[in-house]
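Produce the entire structure from the sequences given, and follow the hints as far as they go.
Protein sequences, first through last, are from chains A and B.
Per the numbering used here, the first sequence runs over residues 1 to 52.
Per the numbering used here, the second sequence runs over residues 1 to 251.
In short, the hints are calculated from the structure, not lab data.
Any given hint could be a false lead.
So, partial list: chain A residues that the calculated Cβ filter (under 8 Å) puts toward chain B [unchecked claim]:
1. Met7
2. Leu8
3. Phe31
4. Phe52
Over the 12 Å line for every Cβ pair with chain A, so calculated as not near, a few chain B residues [what the hints assert, rightly or not]:
5. Arg6
6. Leu17
7. Ser19
8. Tyr50
9. His65
10. Phe89
11. Val109
12. Val130
13. Lys145
14. Pro172
15. Glu204
All of these numbers come straight from a predicted model, not from anything done at the bench.
Don't be surprised by glycine CBs; every beta carbon is placed ideally from N, CA and C.
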Amino acid sequence: MKRLIAMLESALASEKGRKRLKAVGFLIGFFVGLMTVFQVLFLYRVLPHGGF
Amino acid sequence: MSTLKRLFFVLAPSIALGSLLGAYPGYEVYRYIWNDARFCNTCHVHDYAYESWRESIHGKLTTCHDCHHQPLRQYILEPITLIMHQPKFPKDLKHMPNVARDLCESCHVSDPKFTDNITGPLPKEKIEQVPKVDRLWLHELHLNKKVRLAAPNAYHISDTEEFGKGKRPLGPERAIVCMDCHGAPPNRAHNFTATDRSCTYCHEKTHVTDAIRISGCRNCHFQDFMVPSGFGKSFVNEAREKSAGTSQNEH
Chain A
1 MKRLIAMLES
11 ALASEKGRKR
21 LKAVGFLIGF
31 FVGLMTVFQV
41 LFLYRVLPHG
51 GF
Chain B
1 MSTLKRLFFV
11 LAPSIALGSL
21 LGAYPGYEVY
31 RYIWNDARFC
41 NTCHVHDYAY
51 ESWRESIHGK
61 LTTCHDCHHQ
71 PLRQYILEPI
81 TLIMHQPKFP
91 KDLKHMPNVA
101 RDLCESCHVS
111 DPKFTDNITG
121 PLPKEKIEQV
131 PKVDRLWLHE
141 LHLNKKVRLA
151 APNAYHISDT
161 EEFGKGKRPL
171 GPERAIVCMD
181 CHGAPPNRAH
191 NFTATDRSCT
201 YCHEKTHVTD
211 AIRISGCRNC
221 HFQDFMVPSG
231 FGKSFVNEAR
241 EKSAGTSQNE
251 H
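Here it is, written out as structure tokens:
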């Protein structure tokens, strides 16, 4: 945990590191957004007629 | 400012932007999986069924998922089946494909329980124009009857040989479903027209003369399934009364 925090601090300290963090955040957000919309719509269709 | 706070201010905007931009591809993935028959056809082994569906009226108005629903756990099991023991031929399938009655009713009865499952190219307002079978005489009569046949999803696809001989497993009493006449082995590959074989599972001993056996059920009874309920009853009863008057040996 300490090592992770140290890594994050060093990444936040430099401009290049911050850019990388932003890119990682964008990818995480993109995946979360994609999966959330897909799963909500898919479950909305499947569950009323098929159930679990 | 603590590390976590600084991290939040760096990540939050990019995560929010990513989520917004990811929503549209998410919708497209859903649309492809749910609405596009090509997705289903990449794994399923029934090319003939795909072709016959595409050529039928249902191919122009519905998607696979409009009619074929399954429990959520089956969607999870499907990738495992695909990797571990992928079916090579239709006979390798575990069950006969089944379409629940309420799914057919979404378009084909006048007061359906559900209509939200229809996602195909058929517009909602056009569903009103689809013929409503609960207003057609023999359709209405059958929809209100019960049978002791096994449910259409209860038998294995390899049972089709027995079906060909006119046998069908028995089961607990239940309401007649659309698939009893418009599905199962006599109606393979999206051929939804009821066949004489569909009738004889219940009506084998209704008629005893060879003439009736040769001419088949639908030559006489097809129109009874298509006439409106009130009209059909009076018209057919009148015809039967006349017929009974001239011949005691009708069938």
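Under the constraints set out in the numbered hints, which ones does this structure not fulfil? Violated hints (numbers, rising): 1, 5, 6, 7, 9; every other hint is consistent with the structure.
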